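Residue numbers (our numbering), protein chains in the order written: chain X, 1 to 377; chain C, 1001 to 1267.
These aren't lab readings, by the way, just hints derived from the structure by calculation. Only a predicted model underlies this, so the values are computations on that prediction, with no experimental measurement involved. For every residue, glycine included, the Cβ atom is placed at its ideal position computed from N, Cα and C. Treat each hint with caution, since some may be false.
[Claimed, not checked] Listed next, the in silico DSBU-like pairs over lysine-lysine satisfying Cα-Cα at most 30 Å (straight line):
#	chain 1	residue 1	chain 2	residue 2
1	X	Lys287	C	Lys1217
2	C	Lys1172	X	Lys7
3	X	Lys7	C	Lys1131
4	X	Lys374	C	Lys1131
5	C	Lys1131	X	Lys373
6	X	Lys7	C	Lys1089
7	C	Lys1072	X	Lys374
8	X	Lys373	C	Lys1089
9	C	Lys1217	C	Lys1172
10	X	Lys374	C	Lys1217
11	C	Lys1077	X	Lys373
12	X	Lys373	C	Lys1217
13	C	Lys1131	C	Lys1172
14	X	Lys7	C	Lys1217
15	X	Lys50	X	Lys76
16	X	Lys7	X	Lys374
[To be verified] From chain X, some residues computed to sit far from chain C (all C-beta separations above 12 Å):
#	residue
17	Ser10
18	Tyr15
19	Leu122
20	Arg146
21	Tyr208
22	Asn210
23	Thr212
24	Met213
25	Thr215
26	Pro220
27	Ile371
[Said to hold, decoys possible] Estimated spans, in silico, between C-beta atoms of each pair:
#	chain 1	residue 1	chain 2	residue 2	range
28	X	Ala370	C	Ser1087	15 to 23 Å
29	C	Asp1084	X	Asp348	34 to 42 Å
30	C	Ala1152	X	Asp348	41 to 49 Å
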Amino acid sequence: MNLINIKAVSRKEFYHLIRDFRSMYLAFIIPLLLILMFGYALSLDVDNVKTMVVDHDRTELSRDFIRKLDASSYFKVIYHLRDTVAAIRYLDQGSTTMAVVIPPGWTEDIKADREAQMQVLLDGSDPNFASLSRGYITAFVEAYNRDRFIDFLNRSGKERIEPPVDGRIRVWFNEDLESQNFIVPGIIAIIIMIVGAMLTSLVIAREYENGTMETVRSLPIRGGEFLIGKAIPYFLIALTDVLVAVFMGQVLFGVVMKSSFWLMVLASTIYISVALSLGLLISIATKSQLVANQIAILVTFLPSMLLSNFVFPVENMPKVFQLLTYIVPATYFIDILNGLYLRGLGLDHLWPSYLVLVGMLVVLSNIGFAILKKEGM
Amino acid sequence: MPGYGNDCSGNTDSPLLGTPLVQLEDVSKHFGLIEAVSHVSLQVESGSIFGLVGSDGAGKSTLLRMVATMIKPSSGKIVIDGLDVMSQKMRVKPLIGYMPQRFGLYQDLTVGENIDFFMDIFGIFGAERGKRRERYLGFSNLLPFVDRLAGALSGGMKQKLGLACVLVHQPKVLILDEPTNGVDPVSRQEFWDILGEMRQGGMTILISTAYLDEGEKCDHMGLMHKSRILGIANPEEFRSHYPNLEEAMIHRIKEVDEGLIYDRFGL
Ligand SMILES: Nc1ncnc2c1ncn2[C@@H]1O[C@H](COP(=O)(O)OP(=O)(O)O)[C@@H](O)[C@H]1O
Ligand SMILES: [Mg+2]
C-alpha cells in the first residue's frame, strides 16, 4: 500500500465528485430531502389533533368533558361551534380533522343511567390519521368514563374504593410509540446505500467508459490503492450524511440515542465500507454506468428500502423474502441501530451483527481486489 | 524466423543509437482464435525512435500494450532495461510512459489537475513539481490553458496534454499508440518536434502510426501487417529499392498476402 497513490486517486475522485451535478445531488440533496420527507410524512403519530366541539348540552358536565379533552396532549380544541353544519364546513375545508358533537340531554342521560351518546366526525381523507384519531378519542372516552365511575363510587360509598383492574399496555423500547424512532435508523441505512453504493457503482464504470482505465492501469498503482483512493471521498460524504441525519433526527424529531454515540459511528463506518465495496464491486464487474446503476438499485437500494420497514413490516413478507434478509447487509445495520437507539444495548449484545458486517466487508472487498487483479492491475 | 530486428541493428547511421533498451523475443498474443500478434522479435535501441507502421487491425496496439505491461503475451519474452515486463511489472511501470490509442484524459479535470494527478502518482512534489509542470506544459504550449477543462480542448491539444502527462515523470521509454491519429497537420508537426527534442535528451520512443510520412521520421521502422512484422529497416533502406515508401510498403504487403515470401525486406 502506497499512501501517496491513495491520496492521488482520492484527490482526483474528489474533483470528479464536486464537478458532477448528479453526484452532488445524490450525495447531499437527496439525503436531506429523505430525512425531512420521511421524518414528517411518515411520522404517523397523532398528537394535538385539531378538534372542534359542538356543545348542545351546555352543562357543568359537558364543559368538564371538553376541558379535559383540550387538556389531553392528543387533542387541541380550536373551535367551539353552534351547530354541526358549521363543523362539517370546517372539515370540508380541511382546516380541522375532527369534530365532537355533544347532543342536548347528554348529562341527563348520564344521570338517569341511560346510554349517553356522543357524535364524532372525522376527516377520513388520510385513513391512517383517521384511524389513529378514532383510537385516541375512543380511548379518551373510556378513560373519562372510568374516572367518572370511580369518582361516583368514592363519593357515594363510605370507604375509598380501589380502581378496578386497570389494563394498560406498556410498550417497551419505543415507549412513546413514535414512528420516527423506527424511521431514523432506516433513513440512515438508505442514505448510506445511496451515497455508498449507488454513487460508487458509477465511478469505475466511468473510467472504463471514458478510456481512462487504460491510463490508470499503465501507472504504477495497485488495485487496492485505486479502490481505497476512490472510496475515501464517498466514505467521508456518507459519514457526514449519517451525522447530519442523527443530528436532525434529534433536533427535529426528538429521537435520542440511548446507547453510545461511538458505537453508532463504528457501526456506520463498517456499514459504509460494506456499501462502498459493494458499489465498487458492481462497478468493476459491469464496466457500464447504466448497467451498474440499475444493478446497484436492485441489490442495494431496494432491499434496504424494503427492510427498513418503510413499505411494510418484514414479518408480513413472504417467507422467501424473510430468508433473503439474512444476506442483506442493511438487516444487520438496522438491527444494530435499533439496538442502540431504542433499547440502549451495547456491544455485548450487538457484536454478532457487527461481526457479520465485518465479514461481508472482507468478502466483498476481496472479490473486488481479485477482479481488478485479474484485469491486470 | 526469429530476429528480424537483428538485421538492422548493425547497419545504421544514427549517432545516438546505443544498446537495445527494449527487447522482444518471439512474442505472440492470441485472443481466442484470433492471433493478434504473431512471433514478433525486435529491439529498440536506447535513444532511438522506433516506428511501428501498419494499417488498422495489423496488431500494433496489441503489441504496444504488451510492451507497456497492459496485457500478458501468450508466449515470448519482453525485456525493458534488463527487467522482465511480465514478472517485474511494478518496477517496469515507472520506467515507461504509455499513451494508449484512445488516451483517456479526465475531461472534467483541468489541464493542470490532469498533469497534477500524474505527478501525484509518481511522487513529484516540492520545487520539482512546479518545474516539471512548467516544462512539459510549456513544451506543448498548454501553459495558457492550465485552468481549462481538458474536455474543452481541441483534439490536437488533447493529444499534447496526453503527451505532457506521460512525459512528466521523465520515463526512459515512451510508448505512443497512434498519437497523431486525427490530429491537424500543424499540431502533428508540433507533436513530432517534441518527440525530436525528447530523443535528443536520450529518451527511447516506440510509436505506432498509420501514416507513412511519420514512419520516415523514425530511426527505424517496422512494417506490421496481419499480426506479423514484415520487415524492420531504417526509412532509407525501405526507400532504396522503390521510388517511394508507399510503393515499397504496398509491394511488400502484396508479396506476403500472396504467400510468396517470408524472407527479409526486399533485399
Ligand atoms: N482485447 C481484444 N480481444 C479480442 N480481440 C482483440 C483484442 N484486441 C485486439 N484484438 C484483435 O486483434 C487484432 C489486432 O488489433 P490491434 O492490435 O488493435 O490492431 P491495430 O492497433 O494495428 O489496429 C484485431 O483483429 C483485433 O480485432
Ligand atoms: Mg491500434
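Now for the hints, and whether the structure bears them out:
1. Between Lys287 (chain X) and Lys1217 (chain C) the alpha-carbon distance is near 38 Å, which puts this suggested pair outside the 30 Å criterion.
2. About 25 Å separates the Cα atoms of Lys1172 (chain C) and Lys7 (chain X), which keeps this hinted pair within 30 Å; it holds.
3. Among the hinted pairs, Lys7 (chain X) with Lys1131 (chain C) is consistent with the structure: their alpha-carbon atoms are about 22 Å apart, no more than 30 Å.
4. Between Lys374 (chain X) and Lys1131 (chain C) the CA atoms are separated by roughly 37 Å; this puts the pair beyond 30 Å, and the hint is violated.
5. Straight-line distance between C-alpha atoms of Lys1131 (chain C) and Lys373 (chain X) comes to about 35 Å, which puts the hinted pair past the 30 Å bound.
6. Simply put, Lys7 (chain X) and Lys1089 (chain C) have alpha-carbon atoms about 22 Å apart, close enough for the 30 Å limit, and the pair holds.
7. Note on Lys1072 (chain C) and Lys374 (chain X): the hinted pairing holds, with a Cα-Cα distance of about 11 Å set against a maximum of 30 Å.
8. In summary, the hint linking Lys373 (chain X) to Lys1089 (chain C) is supported, as the alpha carbons are separated by about 12 Å, within the 30 Å threshold.
9. At roughly 20 Å between alpha-carbon atoms, Lys1217 (chain C) and Lys1172 (chain C) fall within 30 Å of each other, so this suggested pair holds.
10. Between Lys374 (chain X) and Lys1217 (chain C), the direct Cα distance comes to roughly 38 Å. Violation of the 30 Å bound is thereby established for this hinted pair.
11. Between Lys1077 (chain C) and Lys373 (chain X) the CA atoms are separated by roughly 21 Å; this keeps the pair inside 30 Å, and the hint holds.
12. This hinted pair does not check out: Lys373 (chain X) and Lys1217 (chain C) have alpha carbons roughly 38 Å apart, beyond 30 Å.
13. Only pairs whose Cα atoms come within 30 Å are accepted, and Lys1131 (chain C) paired with Lys1172 (chain C) is accepted, the gap being roughly 19 Å.
14. For the given pair, Lys7 (chain X) sits about 40 Å from Lys1217 (chain C) by alpha-carbon distance, which is inconsistent with the 30 Å threshold.
15. For a cut-off of 30 Å, the pair hint linking Lys50 (chain X) to Lys76 (chain X) stands: about 5 Å separates their Cα positions.
16. For the hint linking Lys7 (chain X) to Lys374 (chain X), the alpha-carbon distance of about 24 Å falls within 30 Å, and the restraint holds.
17. Annotated as non-interface, Ser10 (chain X) brings its C-beta within 12 Å of a C-beta of chain C; the closest such distance is 10 Å.
18. The non-interface label for Tyr15 (chain X) is inconsistent with chain C: the shortest C-beta to C-beta separation is roughly 5 Å, within 12 Å.
19. With a closest Cβ-Cβ approach of about 55 Å to chain C, Leu122 (chain X) is found to remain outside the 12 Å limit, as its non-interface label requires.
20. With a cut of 12 Å on Cβ distances, Arg146 (chain X) stays outside the contact zone with chain C, its closest approach being about 69 Å.
21. Non-interface status of Tyr208 (chain X) relative to chain C is broken: a Cβ of that chain comes within 12 Å, the nearest being about 9 Å off.
22. The claim that Asn210 (chain X) lies off the interface is violated: its Cβ sits roughly 5 Å from the closest Cβ of chain C, which falls inside the 12 Å cut-off.
23. Annotated as non-interface, Thr212 (chain X) brings its C-beta within 12 Å of a C-beta of chain C; the closest such distance is 3 Å.
24. Against the 12 Å criterion, Met213 (chain X) falls within the reach of chain C, whose nearest CB is about 7 Å from its own CB.
25. Thr215 (chain X), annotated as away from the interface, has a beta carbon of chain C within 12 Å; the closest lies near 5 Å.
26. At the 12 Å boundary, the C-beta of Pro220 (chain X) falls inside the reach of chain C, the nearest C-beta of that chain being 4 Å off.
27. Consistency note on Ile371 (chain X): stated as away from chain C, and its beta-carbon is indeed over 12 Å from all of that chain's, at 16 Å minimum.
28. Distance hint check for Ala370 (chain X) and Ser1087 (chain C): the Cβ-Cβ separation is about 20 Å, which falls inside the suggested range of 15 to 23 Å.
29. Restraint check, Asp1084 (chain C) to Asp348 (chain X): a C-beta distance of roughly 55 Å breaks the suggested window 34 to 42 Å.
30. Remark: the range hint 41 to 49 Å for Ala1152 (chain C) to Asp348 (chain X) is contradicted by a beta-carbon distance near 58 Å.
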